[in-house]
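S.K.: Given only the sequences and the hints, what does the whole structure look like? Please build it.
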Amino acid sequence: MLAFSVKDGYNRECVTSESGRRSLKLLDWNQLAHVGEQALGQALGHVNVIAGRVLEGNLRLGVTGLRRAGKTVFVTSLIDNLIRGGRLPFMDVIAANRFLAARLRSSPDRVSPRFSYEKYLAALTASPPHWPAATTGVSQLRLAIRYLPSSGLRRSIQPMATLNLDVIDYPGEWLMDLPMLNQSYHDWSAHTLELTEHQPRRQLAARWLHWLGTITPDLRPDESLAREGAALYTDYLHACRRSQSNLSLVQPGRFIEPGDLAGTPLLTFCPLPAGSGEPRAHSLWGLMNERFEAYKSTVVRRFFVEHFARLDRQIVLVDVLGMLNAGPAALYDMRMALTACLEAFHHGRGGWLSRLTGHQIDRVLFAATKADHVAASQHTHMRNLLDMLVSEARNAIRFEGATVETMALAAVKCTETVATEHQGRKLACIQGTPLGRQRATVLFPGSIPDGPDLFPENVSQPYRFLDFEPPAGVGRDGRGLPNIRLDQALNFLLGDHLA
Amino acid sequence: MSNANHPASAWLPPIELDVHHTDTDSAAASATATAGASARKTESLGLAALAAWPQGSWTVPAFLGGIAALVVLALAFDAADLMGRSFAASYALGTLVTVILAVTVGTAIKLALDEMVSIRRLRHIDSLRAEADRLLKANGHGEALVFADTLGDFYAGRPDLAPALHALGHTVNDAHSDGEVIALIDRQVLSALDQRAYRCVLVASRDTAIATALSPSAALDVVIVLWRNLKLVREVATLYGARPGQLGSWRLMRRMLANLAVAGVTDSVGHVAIDALGGSLAAAISTRLGQGMINGLLTARIGIAAMTLCRPVGFSSENKPNLRRIRAELMSVPKTVL
Ligand SMILES: Nc1nc2c(ncn2[C@@H]2O[C@H](COP(=O)(O)OP(=O)(O)O)[C@@H](O)[C@H]2O)c(=O)[nH]1
Ligand SMILES: [Mg+2]
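One line per chain: the protein sequences are A and B, in this order.
Numbered by my numbering, the letters in the first sequence go through residues 6 to 504 in order.
Numbered by my numbering, the letters in the second sequence go through residues 10 to 347 in order.
Simulated from the structure, these hints should not be mistaken for lab results.
Looking from chain B toward chain A, a few residues come up when the C-beta cut is under 8 Å (computed): (1) Pro23; (2) Ile24; (3) Glu25; (4) His150; (5) Thr180; (6) Asp183; (7) Ala184; (8) Ser186; (9) Leu193; (10) Arg196; (11) Gln197.
Simulated DEER-style distance windows between Cβ atoms: (12) B:Asp142 - A:Arg306: 51 to 57 Å; (13) A:Gly500 - B:Trp67: 49 to 55 Å; (14) A:Pro164 - B:Gly166: 34 to 40 Å; (15) B:Ile24 - A:Ser396: 31 to 37 Å; (16) A:Ser156 - B:Arg143: 34 to 40 Å; (17) A:Glu123 - B:Pro172: 32 to 38 Å; (18) A:His243 - B:His179: 43 to 49 Å; (19) A:Pro164 - B:Asn148: 36 to 42 Å.
Beta carbons are placed, not taken as given, at the ideal position from N, Cα and C, and that holds for glycine.
M.R.: What follows is the structure, encoded as structure tokens:
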């Protein structure tokens with residue numbers, strides 16, 4: 006009983022000392038169940054142990070981004086760096102010497118696959134090192150972080166504290182589905198078709214648009230026809246995501262990242278023009294409408310309830326450089342996609358998503374990844390560019406009370422910034438081994454200007470940001486994977502929970 | 010740096026250079042290459058800071074200098090005269106007087122040199138702080154490594170700082186911006202010094218509070234406060250590497266009093282009194298205790314001003330030292346004394 010009064014005291018102290026919301030888990034249900042399994046006497050003998058573990062904070066961190074944005078690499082580096090703790094000088098808990106240790110724990114979520122941290126780290130630290138293979142779907146991992154509380158009062162009650170950090174890696178494509186919850190099939194179709202009126206989408210969607218021309222929405226509902234349309238539409242979405250065009254706004258996300266839904270009827274629909282007048286219920290349009298609603302209510306809502314609604318913090322990884330490689334259309338598209346993404350965080354008072362849940366993400370970090378692909382002096386411009394892309398929606402979210410931050414970072418630093426002289430001009434270049442090559446090279450990949458004139462006329466290819474091999478021997482020094490600003494990102498995302 | 014903001018007309022297309030055929034130098038190497046230039050810049054900044062050093066018009070120094078010269082001349086004549094007369098009296102006495110004179114002159118020269126060195130160090134700290142401030146504001150890239158080197162040289166003879174400086178070398182890399190490097194220096198090297206300096210301030214302010222509360226006369230109060238504050242200023246300055254001599258501490262002290270407002274510390278005594286009395290009845294009961302506390306707080310303010318003026322990197326808004334803890338500590342003094 007004593008244990009519980011201690012717990013109560015702690016809880017109250019926490020609530021009063023922290024103005025922000027703090028998800029302190031007092032007693033985890035698994036632990037309760039575990040206790041229930043034990044004989045009573047045995048359980049009583051465990052009270053102290055439980056009391057020691059009761060005072061744990063929980064935090065669920067969502068890591069998302071479109072395919073190849075760098076989620077897997079980011080989570081691997083995050084875990085490795087937290088476990089080793091040697092390369093995070095800007096994390097307050099580490100700078101103040103309050104960090105004790107971090108270790109992996111089994112996740113209480115028995116359904117989602119585990120993030121194979123060991124496998125990905127082995128790939129990065131192999132000789133020769135290589136990037137982890139591409140992953141699909143959602144995965145998660147729990148990391149327990151032990152630290153000393155900073156306030157003397159808390160420390161006198163609990164000399165050590167633990168934060169259970171659940172990291173959830175899920176495709177950004179799924180996140181972009183959330184705005185669909187608020188749309189009808191009619192509106193969504195109209196919006197999607199409107200997008201294909203402009204290049205480069207018109208070209209990419211040519212075959213699907215041609216198919217649309219051959220049918221009328223009033224046709225009999227025909228399964229094979231629906232499949233044909235869905236297949237063509239999926240091809241179009243894939244074409245959008247290919248690196249030459251690198252368009253970001255692709256809906257529905259499961260068409261690209263099906264997870265466990267590949268081939269199910271849930272994914273056999275596509276937008277159809279409304280046609281004139283009220284479409285008949287028993288028609289191809291009606292069938293698609295039904296599937297769209299089913300997609301919303303089972304797939305999107307399930308993702309929302311099982312994953313998104315339970316997150317406390319969110320980092321969105323954005324491959325800004327890949328988009329610059331692809332050109333202005335990709336830039337414009339990314340802005341649309343980010344705005345759609347941001348709508349999901351728009352759920353303060355009165356927001357439509359907040360009606361579905363009482364829970365709320367209070368910190369969102371948008372991070373431009375692969376900052377090591379440019380010289381260090383360019384990081385500010387990279388960040389300013391991202392700032393510009395999220396600026397509109399950002400103010401709205403700030404207004405709702407959540408904090409939004411932007412940053413340029415690299416989960417694994419693969420290059421060095423070097424100064425060179427070229428035709429009498431001093432250039433800040435990068436030195437590293439480009440992907441698929443053996444020898445290191447010095448590269449000036451183009452420089453991101455500090456302003457909206459990103460694509461000067463009369464220059465055909467202003468940027469050529471290459472991917473790099475992970476450097477040989479990376480991580481051997483046992484201090485964690487070399488990174489750029491991972492510590493500042495973590496400090497923003499977790500810092501207040503490690504105070 | 011230069012490629013970052015060139016106009017669009019001078020747009021440089023992406024190029025790949027052969028690592029073996031270009032004269033590349035790593036960021037660190039280029040940092041040392043520009044070290045000379047930057048050091049020169051540092052020096053010119055030092056001169057600027059010197060100009061800002063509180064000084065009267067030229068007439069006062071000229072007047073004082075003249076008097077000093079006259080006194081020295083008179084002393085020299087006297088000494089020569091003395092030597093002549095003692096040699097005339099006896100050879101042994103003459104030698105003795107010569108030796109005494111030589112020792113006196115020698116130590117005077119050494120003292121003066123020490124003072125000059127200490128004043129130079131203070132100015133060096135000023136210039137370092139100005140440079141750090143500039144780097145933080147500009148937040149460019151590559152220059153802060155030079156600053157880190159300069160600071161490392163400045164603290165070269167400090168075994169207590171060696172581990173922190175060594176660790177700094179490991180954490181700073183080529184991807185950090187100037188602002189980030191300065192922030193790291195602040196966190197990893199200087200914050201430990203801040204802690205120690207803060208403790209010095211705490212002890213000194215408690216000392217003056219208790220001593221003035223117990224001292225029987227106001228004159229003694231003044232002596233105690235002056236002596237303890239001077240000692241505190243020297244302690245703090247030495248901690249941050251300024252190592253001031255006697256004269257240096259006096260100058261520092263004078264500057265401190267002139268700059269109490271600089272440290273975000275208001276200099277009105279009325280304010281101090283309110284600080285001391287606010288919230289504590291015990292202080293209001295006894296004027297002696299109140300006096301002690303006012304003196305303690307004054308000492309604390311001077312100590313914090315000394316920290317601000319001796320730190321090679323200016324305090325940021327988040328790590329600015331505050332009086333809150335010291336005040337709390339002082340409030341417990343009545344209990345100690347009574
Ligand atoms: N240089 C560098 N490349 C990265 C970094 N993060 C990701 N990449 C590259 O991006 C690719 C995709 O990363 P991955 O984490 O698999 O993306 P995901 O699909 O979002 O999980 C990797 O194979 C790397 O080539 C980084 O921090 N630095
Ligand atoms: Mg992945």
